[in-house]
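Protein chains in written order, with numbering that gives the first Met the number 0: chain D, 0 to 215; chain H, 0 to 215.
Read the hints as simulated data drawn from the structure, not as lab findings.
There may be inaccurate statements among the hints.
To be verified - What the simulated footprint calls covered on chain D by chain H, stretch by stretch (three residues with Cβ under 8 Å from a Cβ of chain H suffice, anywhere in the stretch; the number is not a length):
#: 1; segment: 58-67
#: 2; segment: 77-85
#: 3; segment: 154-168
#: 4; segment: 181-189
Unchecked claim - Below, in silico cross-link-like pairs of lysine to any residue (SDA-like), each with a Cα-Cα straight-line distance of 25 Å or less:
#: 5; chain 1: H; residue 1: K101; chain 2: D; residue 2: A178
#: 6; chain 1: H; residue 1: K101; chain 2: D; residue 2: F184
#: 7; chain 1: H; residue 1: K110; chain 2: D; residue 2: S175
#: 8; chain 1: H; residue 1: K214; chain 2: D; residue 2: A46
#: 9; chain 1: D; residue 1: K101; chain 2: H; residue 2: T166
#: 10; chain 1: D; residue 1: K101; chain 2: H; residue 2: D150
#: 11; chain 1: H; residue 1: K101; chain 2: D; residue 2: E190
#: 12; chain 1: H; residue 1: K101; chain 2: D; residue 2: R187
#: 13; chain 1: H; residue 1: K43; chain 2: H; residue 2: R106
#: 14; chain 1: D; residue 1: K101; chain 2: H; residue 2: R191
#: 15; chain 1: D; residue 1: K110; chain 2: H; residue 2: I164
#: 16; chain 1: H; residue 1: K101; chain 2: D; residue 2: E155
#: 17; chain 1: D; residue 1: K214; chain 2: H; residue 2: D47
#: 18; chain 1: H; residue 1: K214; chain 2: D; residue 2: D52
#: 19; chain 1: D; residue 1: K214; chain 2: H; residue 2: R91
#: 20; chain 1: D; residue 1: K101; chain 2: H; residue 2: A165
#: 21; chain 1: H; residue 1: K110; chain 2: D; residue 2: T166
#: 22; chain 1: H; residue 1: K110; chain 2: D; residue 2: D171
#: 23; chain 1: H; residue 1: K214; chain 2: D; residue 2: I45
#: 24; chain 1: D; residue 1: K110; chain 2: H; residue 2: Q160
#: 25; chain 1: D; residue 1: K214; chain 2: H; residue 2: E42
#: 26; chain 1: H; residue 1: K101; chain 2: D; residue 2: D194
#: 27; chain 1: D; residue 1: K214; chain 2: H; residue 2: E90
#: 28; chain 1: H; residue 1: K17; chain 2: D; residue 2: R84
#: 29; chain 1: D; residue 1: K101; chain 2: H; residue 2: S169
#: 30; chain 1: D; residue 1: K110; chain 2: H; residue 2: F184
#: 31; chain 1: D; residue 1: K214; chain 2: H; residue 2: E50
In this text, a Cβ means the ideal position worked out from N, Cα and C, and glycines have one as well.
Protein chains: 2
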Amino acid sequence: MRDIFHEELESITADHLKMTALVRDAIESATKALLNTDLQLAEKVIADDLEIDRIQHALDERTINIMARQQPVASDLRRLVSSLRISADLERMGDLANHIAKLARMRYPNKAVPAELLEVITEMGSAASRIVEKMAVVLEFRDTNRALEIDSDDDEMDILQRRLIATLLSSDWNNSVEAAVDMAFASRYYERFSDHAVSIAQRVYYTETGEFAPKS
Amino acid sequence: MRDIFHEELESITADHLKMTALVRDAIESATKALLNTDLQLAEKVIADDLEIDRIQHALDERTINIMARQQPVASDLRRLVSSLRISADLERMGDLANHIAKLARMRYPNKAVPAELLEVITEMGSAASRIVEKMAVVLEFRDTNRALEIDSDDDEMDILQRRLIATLLSSDWNNSVEAAVDMAFASRYYERFSDHAVSIAQRVYYTETGEFAPKS
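Here chain D stands alone, though its shape is the one from the complex:
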């Protein structure tokens, strides 16, 4: 019975990793679509989000069935509850990538990103990729050291967001209010994306150590 249970836990992790790969692809493609005014790529991100939702839905059903069949207690139960929360975070990360792709689509054929923000949006995209890559390691190897690192990666993302907002509000800003609002939303989506990665890392940390991750 125990062995089957641990195989089942592994299959949940496999699905989390599959979702993570899709989410990583989504945020990277959404960033490219936004920076390069690439409508086709934006449409692909938007369409692929359904697959992330589909995996989450099936995985959650399976997880609840495992709970019902295995009647886990203590740490095994906590691990399953945590799995449900992780899949919800991953699904939301997919939504946020989707929102970024929709900004690109909404402004097409115009550029969504004004020239002076290309750099910071590029950096936010790279930061998001790095975070999701590290999150995959945390999920696969239950790596609590990497889990702690994600918190400081997220601090970087917050700094990038502040830099972007400061550019919008500076007296040099000579783009439209529309561009400012679009870019403020884009920065929010990256920032929230990163927050969900932090949440996932903290859940793994808590499941593995029984303690809450210290604040960075």
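Position chain H against the provided structure of chain D, taking the given hints into account.
This is chain H only, laid out in the frame that chain D set:
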């Protein structure tokens, strides 16, 4: 055993209702603080958010303990999993009210809301109150009809958000980019607040009927 279980379910609902009352208070006070440049009220919302987080934390612990002790299957298990998700939605609604209060605090002693947006922000605040009030009825009485109504209340919120954004982007807009960005974020917080209420209503609908709520 069954009776204790149903008492436990009722005590979970009681905590959800306690959180709902706090969340309602938070969104109403945050709206007032934003509209009336009321720093003290903004600070109160920000401080009170900790109480919402505290209740959620204790409730989730209790819910997981009930799962471990009662070993529920089928619909009882689904009800408990759904409870965990509902408390997460409520906690997030508290965060979003908190974000609105922080906008008021950030701009104090200046007004955060330009004159031409006072009306739409007032309406978004009222829509949020109505939604959370209806959500309380859905939670308390497992009222699936009201659960369906929330979806159209949310459509109204989306229309209000579009109206607000259209005002920011109109050629008449003669306020700062800062005010536009602030108000775009505020509208996003109200819209997300309402989305979480829809989620909660849909979870109750699903638990009660075994079917997903039809889309409005």
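Against the structure, the hints:
1. Counting residues of the segment 58-67 of chain D whose CB lies closer than 8 Å to any CB of chain H gives 3, which reaches the minimum of 3, so the coverage claim holds.
2. Look at the segment 77-85 of chain D against chain H: 4 of its residues bring a Cβ nearer than 8 Å to a Cβ of that chain, three or more, so the hint holds.
3. Chain H is given as covering the segment 154-168 of chain D, and this holds because 3 residues of the stretch bring a CB closer than 8 Å to a CB of that chain, at least three being needed.
4. Coverage of the segment 181-189 of chain D by chain H holds [criterion: at least 3 residues with CB-CB distance below 8 Å; count 3].
5. Using a Cα cut-off of 25 Å, the hinted pair K101 (chain H) and A178 (chain D) holds, with the two alpha carbons roughly 24 Å apart.
6. A threshold of 25 Å between alpha carbons decides the hint, and for K101 (chain H) with F184 (chain D) the separation of about 17 Å falls inside it, so the pair holds.
7. Straight-line distance between C-alpha atoms of K110 (chain H) and S175 (chain D) comes to about 23 Å, which keeps the hinted pair within the 25 Å bound.
8. Restraint check for K214 (chain H) and A46 (chain D): the C-alpha separation of about 19 Å stays at or below 25 Å, so the hint holds.
9. For the hint pairing K101 (chain D) with T166 (chain H), the CA-to-CA distance comes to about 21 Å; that is within 25 Å, so the pair holds.
10. A hinted pair counts as satisfied when its Cα atoms are at most 25 Å apart, and K101 (chain D) with D150 (chain H) qualifies at roughly 23 Å.
11. Of the supplied pair hints, the one linking K101 (chain H) and E190 (chain D) holds, its CA atoms being roughly 17 Å apart against a limit of 25 Å.
12. Distance hint between K101 (chain H) and R187 (chain D) is fulfilled; the C-alpha atoms sit about 15 Å from each other, no more than 25 Å.
13. Pair hint K43 (chain H) plus R106 (chain H) holds up; C-alpha atoms about 16 Å apart against a cutoff of 25 Å.
14. In summary, the hint linking K101 (chain D) to R191 (chain H) is supported, as the alpha carbons are separated by about 17 Å, within the 25 Å threshold.
15. The hinted pair formed by K110 (chain D) and I164 (chain H) meets the criterion: a straight-line CA distance of about 19 Å does not exceed 25 Å.
16. The suggested pairing of K101 (chain H) with E155 (chain D) holds, with an alpha-carbon distance near 22 Å, which does not exceed 25 Å.
17. Of the pairs offered as hints, the one joining K214 (chain D) and D47 (chain H) holds, with about 21 Å between alpha carbons and a cut-off of 25 Å not exceeded.
18. With a CA separation close to 17 Å, the supplied pair K214 (chain H) and D52 (chain D) stays within the 25 Å bound.
19. Distance check on the hinted pair: K214 (chain D) and R91 (chain H) sit about 20 Å apart at the alpha-carbon level, within 25 Å; holds.
20. Straight-line distance between C-alpha atoms of K101 (chain D) and A165 (chain H) comes to about 18 Å, which keeps the hinted pair within the 25 Å bound.
21. With a CA separation close to 22 Å, the supplied pair K110 (chain H) and T166 (chain D) stays within the 25 Å bound.
22. Distance restraint check for K110 (chain H) and D171 (chain D): the Cα-Cα separation of roughly 24 Å lies within the 25 Å cut-off, and the hinted pair is therefore satisfied.
23. Proposed proximity of K214 (chain H) and I45 (chain D) is supported: the alpha carbons are some 20 Å apart, at most 25 Å.
24. A distance of roughly 24 Å separates the Cα atoms of K110 (chain D) and Q160 (chain H); the hinted pair therefore holds under the 25 Å criterion.
25. Only pairs whose Cα atoms come within 25 Å are accepted, and K214 (chain D) paired with E42 (chain H) is accepted, the gap being roughly 23 Å.
26. At most 25 Å may separate the alpha-carbon atoms for a hinted pair to count; K101 (chain H) and D194 (chain D) meet this at roughly 18 Å.
27. Taking the CA atoms of K214 (chain D) and E90 (chain H), the gap is near 20 Å; set against the 25 Å cutoff, the hint holds.
28. This hinted pair checks out: K17 (chain H) and R84 (chain D) have alpha carbons roughly 23 Å apart, not beyond 25 Å.
29. With a CA separation close to 21 Å, the supplied pair K101 (chain D) and S169 (chain H) stays within the 25 Å bound.
30. Distance check on the hinted pair: K110 (chain D) and F184 (chain H) sit about 22 Å apart at the alpha-carbon level, within 25 Å; holds.
31. For the hint pairing K214 (chain D) with E50 (chain H), the CA-to-CA distance comes to about 20 Å; that is within 25 Å, so the pair holds.
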